[in-house]
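2 protein chains.
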Amino acid sequence: MCERWDTIEVRFGNRIRELRMLAHFTQEELGAVAQLHRNYISDLERGMRNVSLRTIEKLAQALQVEIRDLF
Amino acid sequence: MCERWDTIEVRFGNRIRELRMLAHFTQEELGAVAQLHRNYISDLERGMRNVSLRTIEKLAQALQVEIRDLF
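For the record, the sequence lines run as chains A and B. Counted from 1, the first sequence has number 2 at position 2 by the UniProt record's numbering; the numbering is strictly sequential. Counted from 1, the second sequence has number 53 at position 53 by the UniProt record's numbering; the numbering is strictly sequential.
Since the hints were derived computationally from the structure, they do not count as laboratory data. Nothing here was measured: the structure is a model prediction, and the numbers come from that model. Any given hint could turn out to be false.
[Said to hold, decoys possible] A partial selection of chain B residues facing chain A, derived with a Cβ cut-off under 7 Å: (1) 5; (2) 17; (3) 54; (4) 57; (5) 65; (6) 67.
[Stated by the list, open to error] Quick look at which bits of chain A chain B covers, simulated, 3 or more residues with Cβ under 8 Å: (7) 8 to 16; (8) 26 to 36.
Glycine included, each C-beta is placed from N, C-alpha and C at the ideal position.
Could you put together the complete structure from these sequences and hints?
The structure is reproduced here in structure tokens:
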């Protein structure tokens, strides 16, 4: 059985949540700024999305951090 | 017309090529270690692939760097 608790998707999701909270964004607000649906942000933060490079770039821009700081 | 020369895909591709050469890998060797087809590596290095998080992780592991060092 694949351990889901420490996949790259879970680690990335936790990092996005951390940065979103530091930025005092709700999931809805982050979604609006990053041009992503709120449900997508919710799934992503729960480690359920194998996001793409372009989505990673949108999130970094919305959170006003360098892409490398998302990892 | 979308300027293709400086997209995140192009910047990421250039970085992978740079690290691959530092590691003295051919595209074929990197593909084998990262479990990706050589043609995929070639496309990626030319900025033609919007890669996923899992592929990014495979590349970092194959190149023996931290994911953040790919950006």
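Outcome of the hint check:
no.	hint	in the structure
1	5	16 Å, violated
2	17	15 Å, violated
3	54	5 Å, holds
4	57	4 Å, holds
5	65	11 Å, violated
6	67	4 Å, holds
7	8 to 16	holds (count 3)
8	26 to 36	violated (count 0)
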